[in-house]
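Enquirer: The numbering used here numbers the first residue of the sequence shown as 1 and each following residue consecutively.
One thing to keep in mind: the hints can contain errors.
Distance windows between CB atoms, simulated [said to hold, decoys possible]: (1) Ala225 / His46: 35 to 41 Å; (2) Glu41 / Arg145: 16 to 22 Å; (3) Gly30 / Glu95: 14 to 20 Å; (4) Asn154 / Pro93: 34 to 40 Å; (5) Arg61 / Ala206: 41 to 47 Å; (6) Leu150 / Pro93: 24 to 30 Å; (7) Thr172 / Pro93: 17 to 23 Å; (8) Glu95 / Asp29: 29 to 35 Å; (9) His46 / Ser125: 34 to 40 Å; (10) Pro122 / Pro164: 27 to 33 Å; (11) Asp29 / Ser125: 25 to 31 Å; (12) Pro173 / Arg213: 33 to 39 Å.
For the record, the hints were derived by calculation from the structure and aren't laboratory data. Here a beta-carbon is modelled for each residue, glycine too, at the ideal position from N, C-alpha and C.
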Amino acid sequence: MTAPEIVARRIGAERQPIAIVDHFHPDPDGLRAAAAHAAFEPGRNHYPGVRAALPDNYFARIRPALTTVLAGVFAHRGAVSLIDASFSMVTLPPERLSRTQRLPHIDALAPDRIALVHYLSPHDSDGTAFFRHRATGFETIDSARSAQYLAALNAEMAARGDAPTGYITSSTPLFERISQVDARYNRCVLYRSALLHSGAIAPDAALSDDPARGRLTVTAFLSIA
């Protein structure tokens, strides 16, 4: 078993921390086998794909690496609460995305929320991209910034027209890509949920709902309050 390898970065003008962990789980092949027998259902909250329950021991197996990352990268040594976690696969074709799904998004306004994406496709390099909103300069959106950001974005959309078709993977007139983490088998990326981000899904990605062929990940949301 290869020990986890942790790399920390600070990205953008706001210098927000992210952590990249290779060899994150001790048995990724076992996770893929579990996903092959899982019952996937349509995702909630604008997720453009399907989700399924994780094995009961998932967090017990990753706890050593997760504890090290939260302490070393996010300076947190207290309790951690799990908000949500699942196997996830992006399956929605680019031409069927809603406006919300074609823009960078955040998962929560609170600064104590951490997002985790664990890549489990051996041949998929579509990772996660992070963005700055050009008009406001915001890279994170919290409760103090939310109203200003939404007002500016809505005004821009009204003036310029709808967002381009497809998943956002690079800079656009409204958003500048400030960083990207490429997917790698059994790699995990952790970041604050308030960071503007998107799955970096290539236009020709194989968006299958078969865990053996599709973009299989684990997505989870944690509270470190």
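Enquirer: Please test the hint of 24 to 30 Å on the beta carbon pair from Leu150 and Pro93.
Expert: With Cβ atoms ~27 Å apart, the hint holds.
Enquirer: Given a hint of 29 to 35 Å, does the C-beta separation of Glu95 and Asp29 actually sit inside it?
Expert: holds, 34 Å
Enquirer: Is 34 to 40 Å a correct range for the gap between the Cβ atoms of Asn154 and Pro93?
Expert: Violated - the Cβ-Cβ distance for Asn154 and Pro93, about 26 Å, lies outside 34 to 40 Å.
Enquirer: Does 34 to 40 Å hold as the CB distance between His46 and Ser125, or does it fail?
Expert: With a Cβ separation near 24 Å, His46 and Ser125 fall outside 34 to 40 Å, so the hint is violated.
Enquirer: Is the distance from the Cβ of Thr172 to the Cβ of Pro93 consistent with 17 to 23 Å?
Expert: Holds - the Cβ-Cβ distance for Thr172 and Pro93, about 20 Å, lies within 17 to 23 Å.
Enquirer: Are Ala225 and His46 spaced within 35 to 41 Å by their CB atoms?
Expert: violated, 24 Å
Enquirer: Could one say that the CB atoms of Glu41 and Arg145 fall in the range 16 to 22 Å?
Expert: About 33 Å separates the Cβ atoms of Glu41 and Arg145, which means 16 to 22 Å is violated.
Enquirer: Lying within 41 to 47 Å: is that true of the beta-carbon distance Arg61 to Ala206?
Expert: Taking Cβ atoms as reference, Arg61 and Ala206 lie about 28 Å apart, which means the hint is violated.
Enquirer: Check the following: the C-beta atoms of Pro122 and Pro164 are separated by a distance inside 27 to 33 Å.
Expert: holds, 30 Å
Enquirer: Verify the CB-CB distance for Gly30 and Glu95 against the hinted window 14 to 20 Å.
Expert: violated, 36 Å
Enquirer: Taking 25 to 31 Å as the hint, is the beta-carbon distance of Asp29 and Ser125 inside that range?
Expert: violated, 19 Å
Enquirer: State, for the Cβ atoms of Pro173 and Arg213, whether the hinted interval 33 to 39 Å holds or is violated.
Expert: Given a distance of about 34 Å, which is inside 33 to 39 Å, the answer is holds.
Consistency with the previously given hints fails for numbers 1, 2, 3, 4, 5, 9 and 11, ordered from lowest to highest.
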